[in-house]
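Put together the whole structure using the sequences plus the hints.
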Amino acid sequence: AAGVIQSPRHLIKEKRETATLKCYPIPRHDTVYWYQQGPGQDPQFLISFYEKMQSDKGSIPDRFSAQQFSDYHSELNMSSLELGDSALYFCASSPTRDRGRETQYFGPGTRLLVL
Amino acid sequence: KQEVTQIPAALSVPEGENLVLNCSFTDSAIYNLQWFRQDPGKGLTSLLLIQSSQREQTSGRLNASLDKSSGRSTLYIAASQPGDSATYLCAVKPHSGYALNFGKGTSLLVTP
Numbered sequence: 001a002a003g004v005i006q007s008p009r010h011l012i013k014e015k016r017e018t019a020t021l022k023c024y025p026i027p028r029h030d031t032v033y034w035y036q037q038g039p040g041q042d043p044q045f046l047i048s049f050y051e052k053m054q055s056d057k058g059s060i061p062d063r064f065s066a067q068q069f070s071d072y073h074s075e076l077n078m079s080s081l082e083l084g085d086s087a088l089y090f091c092a093s094s095p096t097r098d099r100g101r102e103t104q105y106f107g108p109g110t111r112l113l114v115l
Numbered sequence: 116k117q118e119v120t121q122i123p124a125a126l127s128v129p130e131g132e133n134l135v136l137n138c139s140f141t142d143s144a145i146y147n148l149q150w151f152r153q154d155p156g157k158g159l160t161s162l163l164l165i166q167s168s169q170r171e172q173t174s175g176r177l178n179a180s181l182d183k184s185s186g187r188s189t190l191y192i193a194a195s196q197p198g199d200s201a202t203y204l205c206a207v208k209p210h211s212g213y214a215l216n217f218g219k220g221t222s223l224l225v226t227p
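Those protein sequence lines, which keep their order, are chains U and L.
Under the numbering used here, the first residue of the first sequence carries the number 1, and numbering increases by one thereafter.
Under the numbering used here, the first residue of the second sequence carries the number 116, and numbering increases by one thereafter.
Hints should not be assumed to be uniformly reliable.
[What the hints assert, rightly or not] The following residues of chain U were derived to be distant from chain L, with all beta-carbon distances above 10 Å:
1) S7
2) P8
3) K15
4) Q41
5) P43
6) S48
7) G58
8) L88
9) P95
10) T103
11) G107
12) R111
13) L113
14) L115
[Claimed, not checked] On the chain U side, residues computed to face chain L include the following (Cβ under 10 Å):
15) K57
16) P61
17) F90
18) F106
19) G109
[As the list claims (entries may be wrong)] Footprint (simulated), chain U over chain L, 3 or more residues, beta carbon under 8 Å:
20) 124 to 138
21) 169 to 175
22) 181 to 189
No lab work stands behind these hints, which were simulated from the structure alone.
By construction, the Cβ of each residue, glycine as well, lies at the ideal position given by its N, Cα and C atoms.
What follows is the structure, given as C-alpha cells:
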C-alpha cells in the first residue's frame, strides 16, 4: 500500500541557510500534518492543512512557513536555520477531516542537521 | 494543555515475557488514542488506535486498553520477542485542534 513520502530523507545545512522539506500524502488523503522531533524528544506538532487551508497551528517558529498545494502535497519552508532546528521532521496524512475517527499515517521523516 | 506521561521510561525483559506499557493523560476530552512504535532514527509506525468510545483494540500479540475517565491506557505485549525492541509512544487526539499530543515514550529492550 502507498505510504506517506517525504523528501529529502536527509539534509545538511549551515546556520542561517534555508531548507525546504516536501511531503506527499497517501492518495486521497486531504489532511497533512507536520511534526518536529528533537533528539531524545517526543514529536511536537508544528502545523496542519486541510484542503489546502491551514487547519491548526502548533509550536511552529515564525521563521518557518508551510503550505499545501492543489495536488495535496505540502512543503515546509525553513529560513535562517539555527543549530536547534536539527531534528527529525515528520509529515503525516489522514483521509478525512472527521477528527474523531481518522488515523494519522506518518512518513519516514526528514533528518535535518544544521551545522 | 494536555499532558501525556508514559511509564516506565525504559524497560528490559527477557524474551518470552508478557509486558505492559502505561500511558496516562491529564484531559479526558479526547477523540482517540494511538500507540506507535519507533525504531532508532526511524519513522513512526502506528500499532493501534482506540476511539474514545472503545475500551480496547487488539492486533496480533498486542492489546491496547483505554480508560478515558481515569485518563489511562495500557499496551500489553504478549510473548515478547527481540524484534519488539523499540520505543513505544502513545499519543492522544484532544477535542480541540488537529494535533496529536505525544508522550515521551517507553524504550523497550527484549533480550534473547
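Going down the list of hints, with the structure as the test:
{"no.": "1", "hint": "S7", "result": "13 Å, holds"}
{"no.": "2", "hint": "P8", "result": "14 Å, holds"}
{"no.": "3", "hint": "K15", "result": "23 Å, holds"}
{"no.": "4", "hint": "Q41", "result": "7 Å, violated"}
{"no.": "5", "hint": "P43", "result": "5 Å, violated"}
{"no.": "6", "hint": "S48", "result": "4 Å, violated"}
{"no.": "7", "hint": "G58", "result": "5 Å, violated"}
{"no.": "8", "hint": "L88", "result": "8 Å, violated"}
{"no.": "9", "hint": "P95", "result": "13 Å, holds"}
{"no.": "10", "hint": "T103", "result": "5 Å, violated"}
{"no.": "11", "hint": "G107", "result": "6 Å, violated"}
{"no.": "12", "hint": "R111", "result": "7 Å, violated"}
{"no.": "13", "hint": "L113", "result": "12 Å, holds"}
{"no.": "14", "hint": "L115", "result": "18 Å, holds"}
{"no.": "15", "hint": "K57", "result": "9 Å, holds"}
{"no.": "16", "hint": "P61", "result": "16 Å, violated"}
{"no.": "17", "hint": "F90", "result": "7 Å, holds"}
{"no.": "18", "hint": "F106", "result": "4 Å, holds"}
{"no.": "19", "hint": "G109", "result": "5 Å, holds"}
{"no.": "20", "hint": "124 to 138", "result": "violated (count 0)"}
{"no.": "21", "hint": "169 to 175", "result": "violated (count 0)"}
{"no.": "22", "hint": "181 to 189", "result": "violated (count 0)"}
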